[in-house]
Structures are given as structure tokens and as C-alpha cells.
Amino acid sequence: MDRQPASDKTPVLWHGYEVIAKGANRVCVIDPENTSRCLKFDLPAQEAKGGRANRWRRFRGEVFPKLALNHIEWRAYQKCLSIAGQSLHNYVATCFGLRHTPHGKALSSEIVLNSDGSIAKPIYTYFDQPTSIDYLDLLDALDELQHFLLRHKIPLFDLNSGNLLVLHCATGRIRVKCIDVKSVGQNKELIPFSRWLVGAMRSKIKRRIERLKQLITIKMAQKSPENA
Numbered sequence: 514m515d516r517q518p519a520s521d522k523t524p525v526l527w528h529g530y531e532v533i534a535k536g537a538n539r540v541c542v543i544d545p546e547n548t549s550r551c552l553k554f555d556l557p558a559q560e561a562k563g564g565r566a567n568r569w570r571r572f573r574g575e576v577f578p579k580l581a582l583n584h585i586e587w588r589a590y591q592k593c594l595s596i597a598g599q600s601l602h603n604y605v606a607t608c609f610g611l612r613h614t615p616h617g618k619a620l621s622s623e624i625v626l627n628s629d630g631s632i633a634k635p636i637y638t639y640f641d642q643p644t645s646i647d648y649l650d651l652l653d654a655l656d657e658l659q660h661f662l663l664r665h666k667i668p669l670f671d672l673n674s675g676n677l678l679v680l681h682c683a684t685g686r687i688r689v690k691c692i693d694v695k696s697v698g699q700n701k702e703l704i705p706f707s708r709w710l711v712g713a714m715r716s717k718i719k720r721r722i723e724r725l726k727q728l729i730t731i732k733m734a735q736k737s738p739e740n741a
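Just so we're aligned, residue 514 is where the sequence shown starts under the numbering used here, counting upward by one.
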């Protein structure tokens with residue numbers, strides 16, 4: 514999900530819930546019953562965006578609930594957890610399960626917080642604003658994520674600047690944490706070689722990470738503290 518942080522001044526609401534982020538297919542809101550958690554809802558068809566393929570996936574999810582995005586992500590998260598154990602939570606936001614609500618079934622997940630208690634922001638929010646982050650530290654954090662995925666052979670491919678948050682640790686270092694693992698359980702390839710062959714999976718992960726590192730370098734190198 515591409516996170517679209519709400520204004521710090523006026524909370525954006527969706528059916529009375531405070532919005533953290535809104536993407537093309539889902540909205541992420543603060544859980545009023547536990548504010549350390551968020552709820553992800555599939556957007557109604559009239560609110561969702563995207564082309565024909567995206568509309569087809571939404572229709573399929575409405576007809577067959579187990580093919581809905583939240584169900585796919587919950588199963589994908591459980592698969593990742595079975596592979597990597599608790600070490601997964603260093604790199605992927607914790608999911609707590611599916612919940613019935615007055616506005617449909619929601620996926621309950623942790624709200625990723627920095628050491629100072631603020632909500633961690635996606636990588637792309639650092640592209641167009643002043644930052645004290647050294648982009649080289651961010652590249653190192655991506656290398657660490659890549660090493661983890663390759664070591665455990667986790668086919669997580671949606672490695673983009675909206676799905677990865679920049680987490681500021683108490684030690685002063687930064688890490689990246691993924692908030693959307695649907696791609697582990699959602700095949701978009703006509704012939705899924707990257708799921709059948711470990712070598713193809715490793716190559717695809719490396720390509721996605723490298724592409725993101727190149728984007729970060731272009732967007733952030735000139736704003737790095739050492740160049741300020």
C-alpha cells in the first residue's frame with residue numbers, strides 16, 4: 514500500500530476512523546480500540562482506483578472473499594512468519610489477524626513507530642522535503658533487508674518507496690520495515706519462474722532493491738547532510 518500520510522493539523526477520516534494512509538485499493542486507519550494498531554480495509558469499488566486488471570481483482574475478491582486483498586496478505590504474512598520466525602518482525606510489520614467490523618472485514622496490524630513514538634514514514638516522503646537522513650545509511654538498510662529476504666528465500670517483490678517505512682531506532686541507526694507483504698501470496702506473472710526457481714526469485718529481489726536504491730540516490734544524494 515502506498516502510504517499517503519494525513520495532515521498533522523486536520524485528521525482525515527474514513528467512516529469515522531482516522532486515516533493513516535490511503536492507496537489505490539485499501540485504506541489504513543487507526544484502530545479506535547487499540548491505538549497501537551491499525552486496520553486495513555479493502556476500499557469499496559466506487560473508491561478504488563486502477564485499470565481493468567485491478568478492477569477484475571477487486572471483483573474476484575468480492576465474489577470469492579478468500580481472494581480479497583486482506584485475506585491474501587494475512588495468508589502471506591503467516592507464510593513469512595512460518596519461514597523466518599520472530600526475526601520477521603525486524604523487517605515486516607506484525608499482523609494480528611482479520612476482524613469483522615461494521616464496515617467490512619479488516620486486517621489488524623501494528624502501527625510502526627520510531628523510537629520517539631512518532632509514526633514511521635514511507636521512504637518516498639523523504640524525497641521532497643529536507644532531511645537529516647544520510648541516504649547512504651538508507652541504502653545500507655535496504656542491503657540488510659535484501660540479505661534477510663535472500664537468506665530465508667522469501668518471495669517479497671513489492672519493494673517500493675511506499676511499502677517500505679524508514680524506522681528511526683534509539684541507537685541512532687535507521688532500518689526499513691515493510692508494511693505490505695501481499696506479493697508473497699499474490700502472483701502477477703504469466704509464468705511464475707520467480708516462484709518456481711530460487712535463482713529467479715533471488716534475481717528479482719535484487720533487481721527490485723537495486724531499482725529502489727537508484728531512485729533514492731537520485732532523489733536524496735544532493736540533500737544528504739554531507740552535501741548540505
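Among the hints, a few may not be true.
In silico lysine to any residue, SDA-like type, Cα no more than 20 Å apart, as pairs [as the list claims (entries may be wrong)]: (1) Lys690 to Thr644; (2) Lys719 to Arg708; (3) Lys579 to Gln591; (4) Lys579 to Leu611; (5) Lys690 to Gly675; (6) Lys690 to Lys579.
Label pairs and their calculated CB-CB ranges [as the list claims (entries may be wrong)]: (7) Ile704 to Ile632: 35 to 41 Å; (8) Arg720 to Ala558: 31 to 37 Å; (9) Phe640 to Asn603: 22 to 28 Å; (10) Leu728 to His613: 37 to 43 Å; (11) Gln559 to Ala683: 39 to 45 Å; (12) Phe640 to Lys562: 19 to 25 Å; (13) Lys732 to Asn627: 18 to 24 Å.
Note that these hints are calculated values from the structure, not bench results. This structure is a prediction, so every number in the text was calculated from the model and none was measured. Cβ coordinates follow ideal geometry from the N, Cα and C atoms, glycine included.
Checked hints:
1. Using a Cα cut-off of 20 Å, the hinted pair Lys690 and Thr644 holds, with the two alpha carbons roughly 19 Å apart.
2. About 14 Å separates the Cα atoms of Lys719 and Arg708, which keeps this hinted pair within 20 Å; it holds.
3. Of the pairs offered as hints, the one joining Lys579 and Gln591 holds, with about 14 Å between alpha carbons and a cut-off of 20 Å not exceeded.
4. As the CA atoms of Lys579 and Leu611 are separated by approximately 11 Å, the hinted pair is consistent with the 20 Å bound.
5. For the hint pairing Lys690 with Gly675, the CA-to-CA distance comes to about 11 Å; that is within 20 Å, so the pair holds.
6. Annotation: proposed proximity of Lys690 to Lys579 is violated, straight-line Cα distance about 26 Å (limit 20 Å).
7. Between Ile704 and Ile632 the beta carbon distance is about 39 Å. The supplied range of 35 to 41 Å therefore holds.
8. At about 33 Å, the CB distance of Arg720 to Ala558 agrees with the hint of 31 to 37 Å.
9. Hint check: Phe640 to Asn603, Cβ distance near 25 Å, so the stated range 22 to 28 Å holds.
10. One distance hint, 37 to 43 Å for the beta-carbon pair Leu728 and His613, holds here, with the actual separation near 39 Å.
11. A beta carbon spacing of about 44 Å between Gln559 and Ala683 agrees with the range 39 to 45 Å that was offered as a hint.
12. A beta carbon spacing of about 21 Å between Phe640 and Lys562 agrees with the range 19 to 25 Å that was offered as a hint.
13. For the pair Lys732 and Asn627, the supplied restraint of 18 to 24 Å holds, since their beta-carbon distance comes to about 21 Å.
Violation of the numbered hints given earlier is confined to hint 6; every other hint is satisfied by the structure.
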